[in-house]
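> Residues in the sequence shown are numbered consecutively from 386, following our numbering.
The reader is advised that the hints may include incorrect statements.
[As the list claims (entries may be wrong)] Taking CB as the label site, the calculated pair distances span: (1) T458 with G571: 37 to 43 angstroms; (2) N932 with S472: 23 to 29 angstroms; (3) P615 with A529: 21 to 27 angstroms.
These aren't lab readings, by the way, just hints derived from the structure by calculation.
No experiment lies behind these values; they were computed from the predicted model shown.
Idealized CB from N, CA, C, for every residue including glycine.
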Amino acid sequence: MEKFYPMLIAAIVLCLFLIFLEFKRGNRARLLLRSIAVTLAVAALFFLLVPLKYSASRSINIKQLVLLTPGATVQPAPDSVYYTLDSAVLKHFNKPSVKYLADLPYYLATHEDVNGLRVYGNGLPSELLKYTDGLNYSFVPGTAPSGIVSATWPNSVKQSEVFEISGTYKNSITTPVKLVLEGLGGHLDSVEIPVGKESAFKLSTVPKQLGRAVYSIQEITTNAVVKSSPVPFEVLPMAKLKVLVLASSPDFEYKFLKNWLLEHKYPAVFRTRISKEKFSTEQVNLEGEQGVALNAAALKKYDLVIADDDELDQLGGPANTALKTAVGDGLGLLIRFTETKKLSPLAQRFQLNSVSDTITTSVVPVLNESGKVLKSIASGQSLTLQPEPNALSLVRDQKGKILVSTLLYGNGRLAGTVMSSTYNWILSGAKKDYADYWAYIIGRNARKGPGVEAFHINPAFPEPGQQLKIDFEHAGAGMPAFTYSNSNWSVLQNTVLPFSWQSTVWAAAEGWNHFNASDKSERYFYVYGKNDWTTLKAQRLITENINSSEKGGQLVSKGVGVAENFEKELSRWWFFGLFVCSMAYLWFETKML
386 MEKFYPMLIA
396 AIVLCLFLIF
406 LEFKRGNRAR
416 LLLRSIAVTL
426 AVAALFFLLV
436 PLKYSASRSI
446 NIKQLVLLTP
456 GATVQPAPDS
466 VYYTLDSAVL
476 KHFNKPSVKY
486 LADLPYYLAT
496 HEDVNGLRVY
506 GNGLPSELLK
516 YTDGLNYSFV
526 PGTAPSGIVS
536 ATWPNSVKQS
546 EVFEISGTYK
556 NSITTPVKLV
566 LEGLGGHLDS
576 VEIPVGKESA
586 FKLSTVPKQL
596 GRAVYSIQEI
606 TTNAVVKSSP
616 VPFEVLPMAK
626 LKVLVLASSP
636 DFEYKFLKNW
646 LLEHKYPAVF
656 RTRISKEKFS
666 TEQVNLEGEQ
676 GVALNAAALK
686 KYDLVIADDD
696 ELDQLGGPAN
706 TALKTAVGDG
716 LGLLIRFTET
726 KKLSPLAQRF
736 QLNSVSDTIT
746 TSVVPVLNES
756 GKVLKSIASG
766 QSLTLQPEPN
776 ALSLVRDQKG
786 KILVSTLLYG
796 NGRLAGTVMS
806 STYNWILSGA
816 KKDYADYWAY
826 IIGRNARKGP
836 GVEAFHINPA
846 FPEPGQQLKI
856 DFEHAGAGMP
866 AFTYSNSNWS
876 VLQNTVLPFS
886 WQSTVWAAAE
896 GWNHFNASDK
906 SERYFYVYGK
916 NDWTTLKAQR
926 LITENINSSE
936 KGGQLVSKGV
946 GVAENFEKEL
956 SRWWFFGLFV
966 CSMAYLWFET
976 KML
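Could you build all of it, start to finish, from the sequences and the hints given here?
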């Protein structure tokens, strides 16, 4: 309507000018009638140029196609005709009124009189929903599915990172349901869903293996497995991070850490202060002499610096400035605290508490993100970290007190720990707990390397033979050569993001599949079986069909008239006639009266 505003303003100005001329006219007889005629003439001229529309309703006859899909609970009437695209649904109803329809798009193309579609059950898949455009589409969902109605998890995690599955479970049965995460032949995590509740859940673990794996979520009631759903993902190897250790004096903590880094192939340099300006230097898993000058160039070679607060305080201003800049550029720094007094500049970001309970000489650490409880360890000190608004606690004790905390500092991470005697795990034979702790702390705080190139598949739970869209990134010049299932496939480039590409393929065999784009390494995704994640796929289908039915309007029974609102334009001949009559009166009044 905004584009007609200039014409409307021009018409109003013209009308006022003509009425002004009427008042200036010498013969003012029938002035009111002439003013009305002028106004009508200008209005008629305006509506000859600008269409006048109004809302109207009409009755149309709906001839609809009724489809039954999996999950339909309707009882087919014997005097009506129903169709289904699924042979299992046809077998389930087993009635003469239910007929099999092999190809919905072809049927709609050859039956142009069909202008309505009613669907019962879980609904049509997304590739068929596009054919409902222009039809009066309605959807009648069946019984709400019971089970896992939503679930998400990452396609890949780095070694020693937490793998977490989150979702929603709808329990419609009369007994509680226990969800158990199974992997590598053992129970990894579990959660219980109460009766009659739709509850959010989280299951997590730290994977022990490398490479691709398929865990499972088992739904258990009264000690019987009701359903098992596969959870495929990939564990990527953690790059061997280069570690620099700055010690104010020799101690057992650094000695055992050096042995562990050596055993696990971490390249590391240990610099221990002997006197004010003298140091001893040791290096493991490194060839050639490594410099330990604390300047910007040297610190770029490392991914994580582990230092006690006392040593940082003795470094001096230039070294602390270089370290602070390096952390802001992405380096990780782990500060060891042994007393409440904070000495170094970077240590001021943490707040420390002294535990009053001096009787307790041991602590039970809990890895906060995975919830894993480590074995009790002799603490040797009585410090904890205070909670901070922008900090993330990595390790707590069983009372919830923070033992290790980390926070973002520019592009890097600044972490603090009060666990200064982790070597006691080694002395007590708990080597696995020691390894779990340090792998987690190093991986969580070290410099982040380049991420794995992301890709996205749609649908998220593909089945064999299903059409599949793969979105991937390709930053090289020219069109990528895309191969999948030993075949070459065409690709389309995103018009907005030139590095984003898409290929449409048909999902191959169930299990792990991979594709390759140009010279990039193979990227893997999982093709699920038809009976995998049935509740989740049904819920997604129902939601998608409900959204489509809201766009398509409401349907009634076949052959019944229904009122349809539409916008109608008033014929311009009326305004032409009004314009002619107004002008004829003005001429007649001037010439004849």
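> Determine for every hint whether it applies to the structure shown.
Outcome of the hint check:
no.	hint	result
1	T458 with G571: 37 to 43 angstroms	40 angstroms, holds
2	N932 with S472: 23 to 29 angstroms	27 angstroms, holds
3	P615 with A529: 21 to 27 angstroms	24 angstroms, holds
Comparing the model with each earlier hint shows no violations; every hint is respected.
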